[in-house]
Every structure is written in structure tokens, then in C-alpha cells.
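Enquirer: Protein sequences, first through last, are from chains A and B. No gaps in the numbering here: position 113 of the first sequence is 113 in the UniProt record's numbering, and each next residue is one more. No gaps in the numbering here: position 41 of the second sequence is 41 in the UniProt record's numbering, and each next residue is one more.
Derived from the structure by calculation, the hints contain no laboratory data. In this text the structure is predicted, and so the values were computed from the model without any measurement. Please note: incorrect hints may appear among the correct ones.
On the chain B side, residues computed to face chain A include the following (Cβ under 7 Å) [as the list claims (entries may be wrong)]:
(1) Phe25
(2) Val26
(3) Phe138
(4) Pro201
(5) Met215
(6) Asp288
The calculated lysine to any residue pairs, modelled on SDA-like cross-linking and capped at a C-alpha distance of 25 Å, are [claimed, not checked]:
(7) Lys295(B) - Lys276(A)
(8) Lys276(A) - Asp30(A)
(9) Lys295(B) - His261(B)
(10) Lys276(B) - Gln93(B)
(11) Lys295(B) - Asp152(A)
(12) Lys279(A) - Leu302(A)
(13) Lys295(A) - Leu285(B)
(14) Lys295(B) - Asp30(A)
(15) Lys295(A) - Gly75(B)
(16) Lys7(B) - Arg44(B)
No residue lacks a Cβ here, since even glycine has one placed at the ideal position from N, Cα and C.
There are 2 protein chains.
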Amino acid sequence: MTAQPEKVEINEVVLRDGLQNEPEFVATEDKIRLAERLSRTGIRRLEVTSFVSPRAIPNLRDAAEVLAGIERVPGVRYTALVPNVRGAERALQSNIDEVNLVMSIGEQHNLANMRMTCAQSLEQFADIMRVMEGSGVFVNGTLATTFGCPFDGRQPLDRILWGIEEYLALGIEGITIADTIGVANPRHVSEVVSTILSHHPTLPLTLHLHNTRDMGIANALAAYDAGIRSFDTSLGGIGGCPYAPGATGNVCTEDLVHMFHQCGVQTGSDLASLVKISKDLPEILGHDVPGFIMKAGTSERLYPFPGKHV
Amino acid sequence: MTAQPEKVEINEVVLRDGLQNEPEFVATEDKIRLAERLSRTGIRRLEVTSFVSPRAIPNLRDAAEVLAGIERVPGVRYTALVPNVRGAERALQSNIDEVNLVMSIGEQHNLANMRMTCAQSLEQFADIMRVMEGSGVFVNGTLATTFGCPFDGRQPLDRILWGIEEYLALGIEGITIADTIGVANPRHVSEVVSTILSHHPTLPLTLHLHNTRDMGIANALAAYDAGIRSFDTSLGGIGGCPYAPGATGNVCTEDLVHMFHQCGVQTGSDLASLVKISKDLPEILGHDVPGFIMKAGTSERLYPFPGKHV
Numbered sequence: 001m002t003a004q005p006e007k008v009e010i011n012e013v014v015l016r017d018g019l020q021n022e023p024e025f026v027a028t029e030d031k032i033r034l035a036e037r038l039s040r041t042g043i044r045r046l047e048v049t050s051f052v053s054p055r056a057i058p059n060l061r062d063a064a065e066v067l068a069g070i071e072r073v074p075g076v077r078y079t080a081l082v083p084n085v086r087g088a089e090r091a092l093q094s095n096i097d098e099v100n101l102v103m104s105i106g107e108q109h110n111l112a113n114m115r116m117t118c119a120q121s122l123e124q125f126a127d128i129m130r131v132m133e134g135s136g137v138f139v140n141g142t143l144a145t146t147f148g149c150p151f152d153g154r155q156p157l158d159r160i161l162w163g164i165e166e167y168l169a170l171g172i173e174g175i176t177i178a179d180t181i182g183v184a185n186p187r188h189v190s191e192v193v194s195t196i197l198s199h200h201p202t203l204p205l206t207l208h209l210h211n212t213r214d215m216g217i218a219n220a221l222a223a224y225d226a227g228i229r230s231f232d233t234s235l236g237g238i239g240g241c242p243y244a245p246g247a248t249g250n251v252c253t254e255d256l257v258h259m260f261h262q263c264g265v266q267t268g269s270d271l272a273s274l275v276k277i278s279k280d281l282p283e284i285l286g287h288d289v290p291g292f293i294m295k296a297g298t299s300e301r302l303y304p305f306p307g308k309h310v
Numbered sequence: 001m002t003a004q005p006e007k008v009e010i011n012e013v014v015l016r017d018g019l020q021n022e023p024e025f026v027a028t029e030d031k032i033r034l035a036e037r038l039s040r041t042g043i044r045r046l047e048v049t050s051f052v053s054p055r056a057i058p059n060l061r062d063a064a065e066v067l068a069g070i071e072r073v074p075g076v077r078y079t080a081l082v083p084n085v086r087g088a089e090r091a092l093q094s095n096i097d098e099v100n101l102v103m104s105i106g107e108q109h110n111l112a113n114m115r116m117t118c119a120q121s122l123e124q125f126a127d128i129m130r131v132m133e134g135s136g137v138f139v140n141g142t143l144a145t146t147f148g149c150p151f152d153g154r155q156p157l158d159r160i161l162w163g164i165e166e167y168l169a170l171g172i173e174g175i176t177i178a179d180t181i182g183v184a185n186p187r188h189v190s191e192v193v194s195t196i197l198s199h200h201p202t203l204p205l206t207l208h209l210h211n212t213r214d215m216g217i218a219n220a221l222a223a224y225d226a227g228i229r230s231f232d233t234s235l236g237g238i239g240g241c242p243y244a245p246g247a248t249g250n251v252c253t254e255d256l257v258h259m260f261h262q263c264g265v266q267t268g269s270d271l272a273s274l275v276k277i278s279k280d281l282p283e284i285l286g287h288d289v290p291g292f293i294m295k296a297g298t299s300e301r302l303y304p305f306p307g308k309h310v
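Same shape as in the complex, but just chain A:
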């Protein structure tokens, strides 16, 4: 992997995965402003919303309005989660750059989250792919619970490879493997990523991590060392999974960016701007957020000497 440039891509998911389980609805104009500010930090991929039923996720009921309201920045890919054909049609009407489909590797999690079997998800994806045909819109497929299901536990490598192959057979172009409930560890991440990339060396592969057990940063670095160059992150580290109480927190954008910059890996994004935006999150959300760098400052931070001694 040493021949690859020391550079990663950040896919900012705070507006979708971050906000979807917030206790309070975030105003449409706050979402638009957040998206616009984030799109000017150098981040090139922004998951703006989800075209789900407003009943399923009321927090994202303004998907079309948010996408219509954003002043877009050239070079930034605006993406949205799409659960079904209706969602795909709405996403296309919103002039989306990329759609993201989701199926869980864990059968039980797919049943709980999507209310269908994996086979039924894949059938529906085939219908969605027909809607997407000729649109020129990039289709990414997320494999939720790749590193473990809250009901079934760890998933076999063969099952993960099966999910990827099913996605690729449908014409899905990029894959995201997700540690939906934050159970991955760095050794497991290395093994899964290495196995996938040995089978699919040129696959656009993104890693979606949660920091539930404080292994998010270590997992990201292990994945980087195994060859991953794209990460889902959420500003302030907000987000969670409703089926795993306590499993709050996507890996935090500014904390991950900080770690990579400290390690000499570029992200193309401006850390100071990200921290500034993150510091506004508590006011928007009405509560504190889990991020570290927004509280502690960067590793370069110096302090005034507290006085003369000796």
C-alpha cells in the first residue's frame, strides 16, 4: 500500500446518520446552513439526507427541501440514502450526485431495520437499479453490521464477500462496509479490509465506523494501513443505532481528520473550519456532542507558562 498517496477521502454523514436519531427535529434552514458550511471545508462527499418515509424517520422528512435549498459547491458530491424505488425517484428529482443503498449483512438486523429479508432487499435494489439506469448517478451500497450484528454477533468473512458480490452483480459501483453498532476492533478491521481488497483490489471501498467502544480512531488507522482510503464520519461524533442502546456516536469527523493530519495523511479538509462548525452543533442540537478535538484543541496547541519558578 506504500505506493498509494498518503491521502484519504472524508464522506461527511452528520446530516443523515448524525441527525436521524436526534431527539429533536433540526430546522430545515439549520440543515441547509450546516451542509453549506461543511461543503466549504474541503470535504468532497456529503451525505445530505435520506429519502425514507417521513413516518420512519421524521427528522429527515425535509429531504427534498434540504437538497433544493443548498447552494452547491462544484467538486462536492451530494449523496442521499435511498431505501426503495420511491426514494430513488425522489432522489433523482432532487438532482442528487450519488445514492446510497443499505442492506445489513446480519439477516436479523436487516429484518429489524429494513423490515425485510436480505433476499427481499436485493430484489428491491434490482428495481432501484432500473430506476437509476441512464441517470449517470453513482450508486453506492452500504453493508450494515459488517463487523457484527446486535442480534447475531460477528459475521463470517464469506458472508461479507457474498454481500459485496451481490451488490456488484446489481451494478452497484462503490461499497461501504459499516460497523453499525461499534463492535469492530483493529485486528478484525485489518482482516476484513485485507480480505475484501484481495478479492476486489480496485473497488471504491468506504469504511463507516462508530466510536461506541472507543476503537473508532484505532479502527480507522488499521483500515488505512490495510488499504482503505475513504471514511464515513460525523461532525462532533454524533449519531447512533436505535437497536443498540448505548451504541451512540459515529466516528467524529474532526477527531479523525486531526488524527490523520497528525500522522501525515492528508484529508483535503480544513480542520480549523471543521472545529468551528462542530462547536456550533451543541446550540443547533440542544445538547453536548462527543467530539474530543472541539474541546481539547489540536496536538499543536500550546499553553502559557503558569508563572516563574525556581
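Once you've looked at the hints, dock chain B against the given chain A.
Expert: Chain B in isolation, oriented as in the chain A frame:
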């Protein structure tokens, strides 16, 4: 490093580094009970207290009483921080197994923290070593701010090697390198640890990390991969440095143990017992603690399926 066993040693420092900056004094009997419970988790090295002036750190003014009150477990090394000759004498009277001396690699931090130059610290350590002579008590030396000083920033590798050589020349047997203010990153940790171990391959070397910027776990794993087999940790992730506001939190004992166990590295300690003790910390301290596993459970945790679907 693959020839070494997949095993690390935990040095639990919650009673010293964890409690020293707590806003409220923790009752002597609570400290004794905490030490006794921790000593029965399989942890083999326990920093119980600091023999500093009660004026400097009032929270640890009961050092001798705590050590006298503990029912000791055979095989556990009870250690104490010792800042000067008087402290060393008191530690010996308390039948300590190991004393820990501290000097900062950053000259300015040593001035702020110890109120003396590094040269003066080393002179004082020579006096302490004379007191320790013939006692059979192991002497460990900590190099604070090894990975960065809050006033001077990053420290040169030569300076770190100089500190180690000064310690070894005094007869100090083990060394702890400390990321006192939580600025280390995994690549820097790898570089520092590899450099030290290439010069001193058999040195008993411990790493003391803070999780200030959420890189504690990643730093520990990087250090492990570079050859370190001993870690200072603090139950619940409590602790901090008074000269670096926001720099709270030693790397959390149970979170580090969990990560290592997940990665197939043994710690000799019982995670379930550690979590149980950690869950009692908020009541002892009167506030929440930063640990993750005590809130989220381990990665093996499964959840009941939320209902029948499809």
C-alpha cells in the same frame, strides 16, 4: 516482535493520577476499598498513591494510611510516586514494592510541575537513589511530556534518549514514557518506542497515555506493535494535567483491556470485574467518568430482537 507472547501488563494508576486532580477528596476508606478490589482483578501493578506534600496535592494527603490499610494480594506490586528524599523515606516506611520518580522531558513543564530544572531533578534523584540503596525496592522513572510539552511543544528524540540515559545512569531500573497532555499520535508513538527499544532492547518500558484527543487506544496499539508490553491506565478514564485545561483523562483501564482482549492480546485481568468497579466510580467521585465500555458493554454484547417483522 512476533516472538514475544501476546500479553501486556496493566499498571493501574487511578488511585494516584486518577484521583490527584479530583475536585473533592476521596475518603481514605474508599481508596483502600478501591485498591483492594482492583488488586483482585488480576492486575499485577497498582500505583496506590503519591508521597508528595499534602499542600501540593491535598487529595493524596493520606498516602501512608492508604498503604497501611490495604490488605495486600501476593503477586501484586504496590507502587507510589515519590517526588523527593522525604517522600522516598515515607514510601519505604510504608513497605512499598516500587517507587516511581518523575521528571519532565520538557524543561518548562518540569519547572511548572516540579518547580525545578531537569538538572535539579536529576540531582535530587541521586539523593533518592542513596535512600533506596539496599532496600530491594524497584525504582521506576517516568519521563513526563515525552510526546510533547504544553509550553515547548514536541520534544526531540535525542532529548528523550538523553532522559532515559540519565535515569539508567542513576540506577533506575524501569522507565515510563508519558504522553502527559495527550498529544501523541500513533505514528509518533511508533517512532519514539522503536527508537528507544533499538537503543535499549531489554529495558522495562511502560507507556503512560492520555485520551485527550481520542488517540489513546490507537496509540496503545501502535506502541504494542512497536514492542511495548506495559501500560499505565486509569479506571473509568479519569485523571488529567492541571497545566493543560481540557486535557482530562488517562487512557481508560477497561477500554484498553477490552481492546487488547478483542485483538487477542491477554492482559491477565478480568474485564467484567473491572467494569463492575468502574461503574461504582461515579458514586465515589460524584460525577460521570469518560470510559466507554462501562456504558456500551463489550463487543460481544447481544441485544434482544425488537419484534417479529415480515
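Enquirer: Give me the numbers of the hints this structure contradicts, sorted from smallest to largest.
Expert: 1, 2, 3, 4, 6, 7, 10, 14 and 15
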